[in-house]
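**Q** Assemble the complex: chain A is given as a structure, and chains B, C, D and E must be docked to it using the hints.
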Amino acid sequence: MQKITREILIDKAAFLLSTGVVGSVFGWRAGEFDYDVTPALFTDKTDLKNNFVFGDFCGANVSKYLIKATKNAEEKILVFLKPCDTYSFNQLLTEHRFNREKVYVVGIPCEGMADVRKIKEKAGEGILKISSTEDGVIVDTLYNGTISLKKEDILLERCKNCKSKKHVAYDELIGEDGTVLENDRFDEVAALEAMSPEERFNFWQNELSRCIRCNACRDVCPACTCEKCVFDNPESGVENKAAYNSFEEKMFHIIRAFHVAGRCTDCGECSRVCPQHIPLHLLNRKFIKDINQFYGEYQAGEEVGSRAPLVNYTKEDIEPNDAVNKGDK
Amino acid sequence: MRKCKVENIYTLLGEISKNAKLYIPVDQVNGAKFTEYAEGLTLSNALKTERSIKDFFFPQTENLVDFKVSGKIIEIIDNRSEMEDFVIFGARACDVRSMEILDRVFLSEPVDTYYANRRAHGIIISMACNRPAETCFCSTFGIDASKPAGDIVCYKGENEYVFEGVTEKGKNLLEKLNAVTENGGEDTAKIVQTEIKTILDKLPLKDVKADKFGKDKTDKFFNAPEWKTLSEACLGCGTCTFVCPTCQCYDIKDFNTNSGVKRFRCWDSCMYSDFTRMSAGQPRPTQLERFRQRFMHKLVYYPTNNDGIFGCVGCGRCLSRCPISMNIVKVMKKLGEGDNE
Amino acid sequence: MEKNLNNAREEIIRRSGVNPSKCMKCGKCSGTCPAYDEMEYHPHQFVYMVETGDIEPLLKSQSIYRCLSCFACVDRCPRGVEPAKIVEAVRLEVIRQQGANHLKAEGVAENLDEEIPQQAIVTAFRKYTK
Amino acid sequence: MQVNEFKPKIVAFCCNWCSYAGADLAGSNRLSYPADVKIIRVPCSCRVNPMFILRAFQRGADGVIICGCHPGDCHYTSGNYYTRRRMALLFSMLDYLGIEKDRMRLEWVSAAEGAKFATTMNEFTEKIISLGENKRLEDLRCKK
Amino acid sequence: MQRIGVFVCWCGSNIAATVDVEAVSQALAKEPGVVHSANYQYMCSQAGQDLIRAAIKEHKLTGIVVCSCSPRMHEMTFRKTAESAGINPYMVEIANIREQCSWIHKDILTGTEKAIVLGRTAIAKVNLNAPLTAGESPVTKRALVIGGGIAGIQTALDIADAGFEVDIVEKNPTIGGKMAQLDKTFPTLDCAACILTPKMVDVAQHEKIRIFSYSEVAAVKGFVGNFDVTIKKKARYVREDVCTGCGLCTEKCPVKKVPNEFNLGMDTRRAIYIPFAQAVPKVATIDADYCNMLKNGKCGVCSKVCTAKAIDYEQKDTLIEEKYGAIVVATGFNPISMEKFDEYAYSQSKDVVTSLEFERIMNAAGPTQGKLVRPSDGKHPHTLVFVQCVGSRCANCAEKGKEYCSKICCMYTAKHAMLTRDKYPDTDVYVFYIDVRTPGKNFDEFYRRAAEEYGVHYVKGMVGKVMPEGDKLMVRASDLIANKQINIAADMVILAAAIEPDKSARSIATMLTASMDTNDFFTEAHPKLRPVESPTAGIFLSGACQGPKDIPETVAQAGAAAAKVIGLLAKDKLKGNPCVASSNELMCNGCSSCERVCPYGAISYVDKEFRGPNRTVLVRRVAQVNPAVCQGCGACTVACPSGAMDLKGFATKQIMAEVDAICK
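Residue numbers (the working numbering), protein chains in the order written: chain A, 42 to 370; chain B, 134 to 474; chain C, -2 to 127; chain D, 2 to 145; chain E, 142 to 805.
Among the clues, some could well be false.
Claimed, not checked - Straight-line distance between alpha carbons at most 20 Å, and here's what the computed EDC-like set of lysine to aspartate or glutamate pairs gives: (1) C:K19 - E:E540; (2) B:K342 - A:E73; (3) E:K625 - C:E35; (4) B:K289 - A:E166; (5) E:K481 - E:E540; (6) A:K90 - B:E359; (7) E:K669 - E:E694; (8) E:K794 - A:D273.
Source of the hints: derived by calculation from the structure; they are not laboratory data.
The shape of chain A in the complex, shown without the other chains (with noise of 0.2 Å):
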């Protein structure tokens, strides 16, 4: 397969640039290190070819900024779509969050993204330099010299369990398209669902304890796009800024968890981000676990215009006290 590097993506989007098919790439800017990478608009070539990276690193979803990107814009928009952001980018388009036409989508393959955090587990603090190879990356440190490490240690949690590496979305492709993978991304709830409800309980309450409220969860989920979140909105009745106690952590998480389920594409954004190392994409989980067993399998984002699970229904559909006892004999 074709190794997609920064020069073939720069190339692609000078020409498309050029030829006035675009006016502007949604990409992903170099930082001051080699792993803090941004999502950026860029419009200017030298800009471009001096600043855009593709890389390890660029694990963030740019579907979501297009809500924002494509407002105003007069040119289409070029942008970048990792086989998952695909998924998001059509779930956008379900619920008509931007309109397709002003977006020029390039979809390119990906082998699963780098976590650095990770990294700095393997490799402490201090990190100079991260130089990616066949199949990992090489690092150098202030403390511990030379460190290689290996792909699959430092992959991404939700790129471990890859449910695609397929485009459902795309004007053009740059390498070949993959296939919808099989993965064991449901073990975790499952592992979960074996457990005794206090178990359960503790489970939560310790991980939802952390909690800061920081909304980056929210912020940077895709299918969290409300003008105004219920949890900003002083006239919801629920609105809450920072969690007091453990109930108000519940209460956003569970009522967030609702309100994406069905819609959610499990690009596991939430919990790369959390910036307290919250296992949020267990909640989303469950969730999609649920639907796909009590409604048949179901993907958000695979299908523009598909009918969400939660605003369908069946005359047969089971009942929610069956649903809870489903374990118990």
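**A** Structure of chains B, C, D and E alone, referenced to chain A:
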């Protein structure tokens, strides 16, 4: 100076915890966290705790006062309980400096009595940074990671911990620890300091300069075109403000319990769309303004109002936490690039 | 004995995967059955008798060997009851109870009739061996 | 009489067309059920937002029950089908978080089922009493 | 802040026996917002209501809480009371302290405590109530009937007779529908044409009725009372206003081999044709698929022979925009295709026919002029086999048949069998059945006559297979009662094909946002109480589009639908239910979740300009609720994640306040 052998440090910590609540950095599932000392706990080797010591003096939420309503009578209940003394062990130079920045806000008139009370009861034992990280840039703001401030400063040498009482509070505490410490340690402190200085010179961000910013630079940067690109990717979450040791904005909320009202305050973030809605009713309209506010406050407004002291301590927490990796270093570099005179 | 037969009913239903109560007694299965005249009990009767638990006559009847397994009844049943599977399951019950194979490959030659279609041999193996 | 007898708080959301009428019928027939159950009238069970349920627990409820028309009988044709999906997912999620799954329930009660309404409420109250006070989704500020 | 008055009713001793009403009114007087609290023996009595009216005036009340019986009993009463004293009726809330309290609790302490909580809850809600006014919308006093079969005809006539204008849109060149193709009708055996065609003439001549034949509904917008409908009038290449229906053209047209759909393809017609003699409108239509002139410009015979100069080869499809207050769907049914039932050899033998084809064969105006002959060789058949339930009651063959009972087959098969035996006593007629279903006036008597007096052989058991052999059809079936398999050498086999909704119904349902079941039958608003109304306001159902029906039922339902339409059109203005959903456009992000759960199609989207920050203008897609269509279920309020959608009268804040008050 007083010193104690590395292997005796837990005896010393045990001694401190006899008279006051003691918090030490301990490795938790996801990073180091200040944890109340108990026998058996191990000190973390991490450079920084996930959250700064700000939390001890200015917690994320606190109940200020309660109201009880019966008929037409409103009763005000101040439910502050008597504060106990507490000691924080292992605060880094940046975090210690942040207290100075917070003090200037909360201890100037009108004094925030909740904060003042906690300050009065808290003792900070700082610790020189043996292993600064790549994200550290405290030197930008004139902080010396090899010689932090604090009530007591501690240096960790190869074989011994060295303590130096700085403030009255600190010296008193150190005196109480005479049984578990002995005199000396000046040499060790020197060695540690020198080692740290060598490392500081190797840090990738050592050349970040703040000198273009500071007092009365509002006009120079306020309308800079760079804000647009810098703020473009900002999600508007509050991560940077909540992990920041110097962010001190808060909101006050009333919670109706049905049988009364609990008034509490919680951290607020200038990154939020409804920030300042409560006072002027005109919150900053777009993320660009909110983003600009945060950095202008750290780099220009705060120094303007506080004798040129910057509102950032270079701890680097925002560098590693921002979901989209935008941070004050990038802002300073970008704005400082051109000559905006 | 009673209990045993009751078990046989459940076992036949389980094994065939057929829910006999779906039958609306239209008789299309028997109407289409090419082996009707050979059978003492006809496809619709198999379904009905299994439903009511009247298994014993079926077990004793030669009808189970007369079914050609042509599956015409399965194909045409408007309710998707699949009578042939029931017949098959009853047959299996008999064979299991007897615990022996009724047909061996070596024995084919002596029984072989030149006229017999290939499908019948295959069917015979399905029916007489398990 | 016991002094510290546990009196649970139970909120029942009833749809206007079937279940509320069923409750009325229970009343007309003098079919008793515990006074701990208090009914909130909603036009349709599909008006019940998960936030209401959490709110009730926050404010000190020990059990929440939602009653609607039987599937297929909804006055608004499809409202209760949506309720059924929403509640199946919500209840399952609360269970996943370790909240006692028997604290919340969805029941279909028609306007003719006064007796069912009363027995349902009796059973549910008993269940809640056996579970005891709601501790896992409480907000201490709201406790006296 | 509201000024709330609380009125506790004793209901004689119904409440007062187990609730200390005085204690309740005293306790509730202390609740926030309450400025007056009273109790009385019978609040609903004239004296009780006067008490409330007086208190409203005296204490300048803005909200009322009545603690009494169920709101289902007297909410209306107290709302009117409030309104008569000058406050908005929706500022009244009822605390149900009888059905939910005094009647079920025996202990006065318990009853009183609970009554206080219930009162407190109602007060908490009233504190957040806002005056609501039902919206009004004008009514266009004209109805549209989609489909010109007997259902549409009857509905149109009934509406028109009441003095309202009605338009019928019929996709075929003539009205009349399936009934026009029938020979006789059960159970009276009167001739279908004799009873239908006078009605068709009535329609044609009615001054209030317009017929858009050869036309289709292309688009529907609007809502109850105010539908904007686009009708596509297909080009028939004949000027309807000029054509006299003389039929000369249909005799002279050289294209003779066009399958005649009216006779189900059993004979042929010309490329220009009038479907049948009594067609309404009696106007010729050119079939563009076959006309030489239209296909290659060579011919023009019809134009030459037409003395009225009615032929217009240049005619185009035209779109007509009309406004209607109500729409009646009468799209009818069709027999299902028999192609997938190969065991009955329908596609192998011409002598296997469907019942509708048989109907045409028996019809004096049909392809055989009413003579019973075999389609294959024109010979008189001696043995006829009727097969019931072909494709009906098919549980697991969705791709083949239908799960439901088609309802009409038992009766028309009895009719066919009887008529055959009556006209041709030399025939042997077999009817194979699963069950014979004859509920209906004189229906069973009719079936029994066929069996007893006409000697029709009724055999219980489905036909398994039909095999053409020579000029015979070998029918194999099992006689379940005799427990015998029987083989009949038949001359003809007649299949009672299941019926299904017309294929056009699905797209019409989408345009109307009227819901359908899985079989594509229109769903009624309530299966028992509102059988002729769609859940979508202003849409009514007539005839077999709602489910299989025979003619009497269809006509009855057609009349019922007409009555509902008349009831609607008789109003000058429609007053809505004020407790409807409304969307806060500032918070709506246009995600469509609400639209998808709305059972009434009450939600639509508009692109709206908003003032953005820094003097910019942003265009956003936002939901708007049509209050005339919304029924107030609240499904949208929960589907909306941002809470932009709220329900008046049952607002999120109000319900939360109730929750709080109960849990206090």
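**Q** So, for every hint listed, does it hold in this structure?
**A** These are the hints, each one checked on the structure:
Pair hint C:K19 plus E:E540 holds up; C-alpha atoms about 19 Å apart against a cutoff of 20 Å. Among the hinted pairs, B:K342 with A:E73 is consistent with the structure: their alpha-carbon atoms are about 14 Å apart, no more than 20 Å. Using a Cα cut-off of 20 Å, the hinted pair E:K625 and C:E35 holds, with the two alpha carbons roughly 11 Å apart. Proposed proximity of B:K289 and A:E166 is supported: the alpha carbons are some 18 Å apart, at most 20 Å.
For the given pair, E:K481 sits about 9 Å from E:E540 by alpha-carbon distance, which is consistent with the 20 Å threshold. Taking the CA atoms of A:K90 and B:E359, the gap is about 19 Å. The hint holds against a cut of 20 Å. Taken as a hint, the E:K669 and E:E694 pair is honoured in the structure, with Cα atoms around 15 Å apart against an allowance of 20 Å. Taking the CA atoms of E:K794 and A:D273, the gap is near 15 Å; set against the 20 Å cutoff, the hint holds.
Checked against the numbered hints above, the structure breaks none of them.
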